[in-house]
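Just so you know, the protein sequences line up as chains A and B, in that order.
By this note's numbering, the letter at position 742 of the first sequence is numbered 742, and the numbering carries on one by one without gaps.
By this note's numbering, the letter at position 41 of the second sequence is numbered 41, and the numbering carries on one by one without gaps.
Among these hints, one or two may not hold up.
[Claimed, not checked] Derived DSSO-like pairs: lysine-lysine, alpha-carbon spacing no greater than 30 Å straight-line:
(1) B/85 x A/43
(2) B/99 x B/85
(3) B/78 x A/43
(4) B/16 x B/75
(5) A/346 x A/520
(6) B/16 x B/71
(7) B/88 x B/71
(8) B/78 x B/88
(9) A/43 x B/75
[As the list claims (entries may be wrong)] Negatives, chain A to chain B, calculated, CB over 12 Å:
(10) 16
(11) 52
(12) 60
(13) 66
(14) 199
(15) 324
(16) 839
These are calculated hints, taken from the structure and not from any lab test.
Glycine included, C-beta positions come from ideal geometry on N, C-alpha and C.
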Amino acid sequence: MSLANRIANLFRRHHVDREIQAELASHLAMRTEDNVAAGMDAKQAHRSARVTFGNPTVARERTAEADAALYLESLWADIRFALRQLARSPGFVLTAVLTLALGVGANLAVFQLLHSVLFGHLPIPVPEQLYTIRAAKTPFDGASYLSFAAYRHLRDAKATAAPVFAHSWIGDGVLQQPSGASSRIDFQLVSDNFFDALGLRTAVGRFFLPGDDSRLTPEWPVILRYSFFQQQFGADPSILGKRFVVNGLPVIVVGVAPKGFSGLLQWNAPDIWFPLAAQSTIRLGTAFDSLGPGFGVDLDQPWEPQPTIFWLTVLTRAPQAVQPALSAHWTSVLQSDIHLMASVTKDPQERAAVEASQVQFFSAANGEGSLHRRYGTPLAILMAMSGTILLVGCLNLANLQLARLTQREREFSIRIALGASRARVLRQVAMEALMLSAAGGLLALITGRVMSALLLQWASGRGRPMPIDLAMNAETSLVAGLLLLAAVVAFGVLPAWHMTGRNLPSIENARSGKQTGQTKAARRWSNALLAAQVCFSLLLISAAALFAQTLRSITHAGTGMDRDRVLSVHVDMRSTGFASQQRDLNAFDSLLLDRLKSLPMVQDAAVSMCDIPMCGWNTFFHVFGHPELSDDRLHGEENHVGPGYFRALGIPLLEGRDFNEQDTLKTQRVAILNRAYAHQLFGDQNPIGRWIGYNAPPGDHSFLIVGETADALLDGPRNPAPAVAYLSLTQDPAPIGTIEVRARGNIDSLPAEIRNALHSVAPTLPVTEITPLALELQDGLTTEQLLARLTTIFGALALALAALGFYGLLSFRVARRTSEIGIRMALGATRSQVQSLFLRQTAFILFAGILPGAAMSLALKSVLNKLIDSPDTTNPWPLTVAVVVLASAGLLATVIPARRAASINPTEALRSE
Amino acid sequence: MAKNDLQGSLDLLILKTLAQMGDLHGYGIVLHIQRASDALLNVEEGSLYPALHRMEQSGWVTSEWALTETKRKAKFYKLTAQGRKQLKEAEESFEQLVKGVRAMLRYA
Numbered sequence: 001m002s003l004a005n006r007i008a009n010l011f012r013r014h015h016v017d018r019e020i021q022a023e024l025a026s027h028l029a030m031r032t033e034d035n036v037a038a039g040m041d042a043k044q045a046h047r048s049a050r051v052t053f054g055n056p057t058v059a060r061e062r063t064a065e066a067d068a069a070l071y072l073e074s075l076w077a078d079i080r081f082a083l084r085q086l087a088r089s090p091g092f093v094l095t096a097v098l099t100l101a102l103g104v105g106a107n108l109a110v111f112q113l114l115h116s117v118l119f120g121h122l123p124i125p126v127p128e129q130l131y132t133i134r135a136a137k138t139p140f141d142g143a144s145y146l147s148f149a150a151y152r153h154l155r156d157a158k159a160t161a162a163p164v165f166a167h168s169w170i171g172d173g174v175l176q177q178p179s180g181a182s183s184r185i186d187f188q189l190v191s192d193n194f195f196d197a198l199g200l201r202t203a204v205g206r207f208f209l210p211g212d213d214s215r216l217t218p219e220w221p222v223i224l225r226y227s228f229f230q231q232q233f234g235a236d237p238s239i240l241g242k243r244f245v246v247n248g249l250p251v252i253v254v255g256v257a258p259k260g261f262s263g264l265l266q267w268n269a270p271d272i273w274f275p276l277a278a279q280s281t282i283r284l285g286t287a288f289d290s291l292g293p294g295f296g297v298d299l300d301q302p303w304e305p306q307p308t309i310f311w312l313t314v315l316t317r318a319p320q321a322v323q324p325a326l327s328a329h330w331t332s333v334l335q336s337d338i339h340l341m342a343s344v345t346k347d348p349q350e351r352a353a354v355e356a357s358q359v360q361f362f363s364a365a366n367g368e369g370s371l372h373r374r375y376g377t378p379l380a381i382l383m384a385m386s387g388t389i390l391l392v393g394c395l396n397l398a399n400l401q402l403a404r405l406t407q408r409e410r411e412f413s414i415r416i417a418l419g420a421s422r423a424r425v426l427r428q429v430a431m432e433a434l435m436l437s438a439a440g441g442l443l444a445l446i447t448g449r450v451m452s453a454l455l456l457q458w459a460s461g462r463g464r465p466m467p468i469d470l471a472m473n474a475e476t477s478l479v480a481g482l483l484l485l486a487a488v489v490a491f492g493v494l495p496a497w498h499m500t501g502r503n504l505p506s507i508e509n510a511r512s513g514k515q516t517g518q519t520k521a522a523r524r525w526s527n528a529l530l531a532a533q534v535c536f537s538l539l540l541i542s543a544a545a546l547f548a549q550t551l552r553s554i555t556h557a558g559t560g561m562d563r564d565r566v567l568s569v570h571v572d573m574r575s576t577g578f579a580s581q582q583r584d585l586n587a588f589d590s591l592l593l594d595r596l597k598s599l600p601m602v603q604d605a606a607v608s609m610c611d612i613p614m615c616g617w618n619t620f621f622h623v624f625g626h627p628e629l630s631d632d633r634l635h636g637e638e639n640h641v642g643p644g645y646f647r648a649l650g651i652p653l654l655e656g657r658d659f660n661e662q663d664t665l666k667t668q669r670v671a672i673l674n675r676a677y678a679h680q681l682f683g684d685q686n687p688i689g690r691w692i693g694y695n696a697p698p699g700d701h702s703f704l705i706v707g708e709t710a711d712a713l714l715d716g717p718r719n720p721a722p723a724v725a726y727l728s729l730t731q732d733p734a735p736i737g738t739i740e741v742r743a744r745g746n747i748d749s750l751p752a753e754i755r756n757a758l759h760s761v762a763p764t765l766p767v768t769e770i771t772p773l774a775l776e777l778q779d780g781l782t783t784e785q786l787l788a789r790l791t792t793i794f795g796a797l798a799l800a801l802a803a804l805g806f807y808g809l810l811s812f813r814v815a816r817r818t819s820e821i822g823i824r825m826a827l828g829a830t831r832s833q834v835q836s837l838f839l840r841q842t843a844f845i846l847f848a849g850i851l852p853g854a855a856m857s858l859a860l861k862s863v864l865n866k867l868i869d870s871p872d873t874t875n876p877w878p879l880t881v882a883v884v885v886l887a888s889a890g891l892l893a894t895v896i897p898a899r900r901a902a903s904i905n906p907t908e909a910l911r912s913e
Numbered sequence: 001m002a003k004n005d006l007q008g009s010l011d012l013l014i015l016k017t018l019a020q021m022g023d024l025h026g027y028g029i030v031l032h033i034q035r036a037s038d039a040l041l042n043v044e045e046g047s048l049y050p051a052l053h054r055m056e057q058s059g060w061v062t063s064e065w066a067l068t069e070t071k072r073k074a075k076f077y078k079l080t081a082q083g084r085k086q087l088k089e090a091e092e093s094f095e096q097l098v099k100g101v102r103a104m105l106r107y108a
């Protein structure tokens with residue numbers, strides 16, 4: 001029969017059914033006629049015909065099955081049957097659907113993130129041809145940024161077809177609309193050919209025009225990111241030509257980037273793009289790389305003419321084949337820039353290495369950044385963990401399903417006795433699992449989406465979520481399907497296979513409704529399943545405890561600062577142009593500090609130029625009398641602070657004095673070093689009274705060292721304490737970045753008070769953020785937090801499932817053995833003996849699961865030790881805690897059914913027999 | 001080689017019957033097998049129809065409702081060209097089986 005016929009059969013179900021029935025009926029009728037002809041009476045003839053024929057229902061069903069298309073019809077019947085069966089056990093359905101929704105959802109979320117971190121390509125044509133260009137590393141930061149001069153050299157070297165384009169770091173600012181509404185935005189400066197070279201097309205308007213990146217204009221043309229355009233302006237194309245103010249500068253919108261494009265950086269997506277030339281008038285954040293004040297760098301002057309400021313990422317699009325030729329060409333073009341890097345390198349060997357630098361190409365197909373290096377391993381660990389939680393969930397469901405099927409033994413016996421084949425019964429049970437999986441799978445899509453957004457937020461720390469596209473893709477859908485299929489097989493089909501494979505109780509037994517205990521084989525099966533569940537649960541719980549402990553030990557280790565009582569008040573005096581309106585910055589600082597110190601809750605307050613952590617302002621000091629010191633000993637970080645800074649942060653002063661009001665523009669310029677820097681420059685000698693300076697002699701004795709402080713983990717708890725030189729803000733007035741406020745007691749209510757106080761003396765001062773120092777120091781801990789949070793959730797889920805598993809299995813066993821327990825009690829067993837009968841089973845399963853689980857946890861520890869930085873693996877507590885918690889949960893969950901067993905009334909139990 | 005099981009033999013018996021007798025209904029097939037085998041072979045009547053329908057799905061036979069000699073409505077099955085080919089293969093493979101079993105039994 002053709003396929004069309006089979007499909008047509010689908011709609012002719014009743015017709016085909018009737019036809020089969022008629023065919024069988026005619027067979028029986030002919031046999032009966034022959035029987036009558038042979039001399040039987042009518043009744044006998046009919047009976048004999050039926051006996052020779054066999055079970056007509058079975059024959060009919062099998063015949064219908066042979067009509068292949070009808071298979072689909074019986075499928076529909078199976079679906080209805082499965083739904084009816086499931087409606088009878090809502091508890092099981094709820095557990096199954098939730099397990100799948102959470103288990104598969106978690107896997108999807110982690111997989112999606114892992115996939116896009118490892119393989120996510122930029123949404124541009126031919127992303128694999130996009131490369132960043134790097135030459136010599138910058139001397140102090142070791143970064144790959146290029147100066148504007150270097151970028152121009154590359155761009156003007158027009159011997160090739162490969163485009164050269166550039167973008168800056170991301171700066172933050174404030175966008176003010178004509179209506180007066182304002183919002184915080186991230187912006188980026190890009191070269192005029194940036195979008196065209198990427199092969200993009202505008203969603204609306206135009207991109208930058210040639211020359212936009214070097215033309216000074218009173219009104220900067222800007223391009224918006226599509227989703228920003230959507231969220232802020234409702235994707236209204238009349239945005240073109242609209243005028244706004246960004247960081248005090250008038251701008252005009254000329255275009256919107258295509259949907260889905262969020263820049264080239266993995267970490268952050270700019271909302272607005274400016275042409276490069278805008279740098280001269282807009283303050284581009286504090287992230288910069290330069291040769292420092294000693295090399296004539298002036299960050300407040302335009303950066304374009306300064307070849308000693310490195311701020312551009314330069315890119316090209318070039319197939320691999322042409323890269324060697326390009327590299328040689330561009331290396332020759334960049335000679336003057338490479339020479340500049342070499343000239344500040346003192347060590348002759350290193351200098352030679354810098355001089356020999358070649359232009360190199362680094363693929364930017366996945367965007368710029370090292371997300372895969374930072375998150376690849378943690379996400380792979382989480383992937384394994386989420387796979388394990390799904391496995392644990394499926395083991396749990398398999399056990400519950402096995403118990404459920406055992407309860408339905410009687411039903412199966414009857415159905416098989418009535419002629420249902422084993423395959424038919426299997427199919428119906430599988431159908432139930434399929435229905436559950438379908439429901440769980442649909443929910444998993446939703447939970448997966450919510451969880452991936454949450455994961456992304458966690459991975460992004462306090463900042464804005466990273467620009468990772470979380471839309472479902474083909475790979476994710478495939479994984480979802482495979483996981484669900486595996487789940488169906490694991491908890492649906494295998495238990496049913498096991499059930500129908502062994503000898504079901506005979507029909508007589510089934511009809512009597514006698515409830516017996518599980519057979520020995522079934523008991524062993526369900527014990528093994530539960531023990532396996534315990535084993536993997538222990539793995540998850542101990543991993544959770546391990547990561548929590550690691551995070552705790554990092555965040556609670558001393559940082560050399562009193563972080564719990566300090567609030568960092570961030571002010572943005574530069575980008576808003578606020579600083580330029582102040583005539584006397586020192587007096588303004590004093591005004592703010594005096595007001596803050598007058599608050600009863602404030603113990604101390606001090607100003608500083610840099611934020612903690614990662615001030616990142618690199619510096620280079622020469623030591624008077626010691627021209628022989630190597631570069632790496634001279635290199636450190638620099639911050640400019642006001643008096644009382646160390647007191648406010650709780651950093652102890654080891655030697656000498658703090659800055660004070662007597663350090664003025666007219667007095668000797670002074671410096672304070674921390675222990676690390678002092679040790680770098682002077683070894684074990686006392687640094688007080690020594691001289692340092694930015695330049696080689698005679699510029700090496702500008703600053704007199706007056707103090708030495710202890711080291712502090714200013715760059716966050718995962719980084720070593722940096723070597724820091726502090727200079728006095730009162731001697732070199734500059735706009736401040738942060739006010740560190742030390743509270744007397746609780747810091748929770750302080751931010752609002754601080755805001756009010758600052759507002760009362762400087763109503764227009766832009767206060768961007770007030771954050772507890774402890775929180776800021778955690779910024780570098782996103783991977784640790786991510787691991788700790790997610791594994792804690794997994795661990796808690798595993799624990800709940802284990803408790804549920806024990807409760808379910810033991811309740812079922814108590815119910816099955818009611819009459820047996822009745823007999824035991826009638827024969828004199830005590831309540832505690834009955835209870836211990838079940839507690840012993842739990843103890844046995846726990847033991848069988850915990851033993852391999854503990855061994856696996858120990859193995860996992862050593863693997864983790866190799867995979868990620870410094871997990872705290874020496875501590876025996878996480879595993880111990882995990883074992884105790886899991887064992888208690890198992891025993892507690894058993895107590896309820898065990899007590900139920902002990903309260904069985906023997907007379908009633910026996911009567912119901 | 002075709003399957004050497006009972007299923008295969010039932011198919012063979014049905015195909016052979018249709019080849020020898022022309023169009024026939026299910027009951028007629030049962031009777032013919034009984035008669036032709038001197039009542040040695042007793043087809044389980046209930047399993048005849050699934051086999052017939054499966055063979056129809058495979059295109060070995062076609063079916064048609066018609067009247068019997070006793071003017072009763074019955075479904076008549078007819079061998080197709082493909083069915084004849086199938087019969088040839090089934091016969092050959094059955095011969096192989098019989099030869100094999102016989103050799104086995106004679107082995108001293």
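Practice task
Would you pick out the hints that fail for this structure and give their numbers low to high?
Solution key: 1, 3, 5, 7, 10, 11, 12, 13
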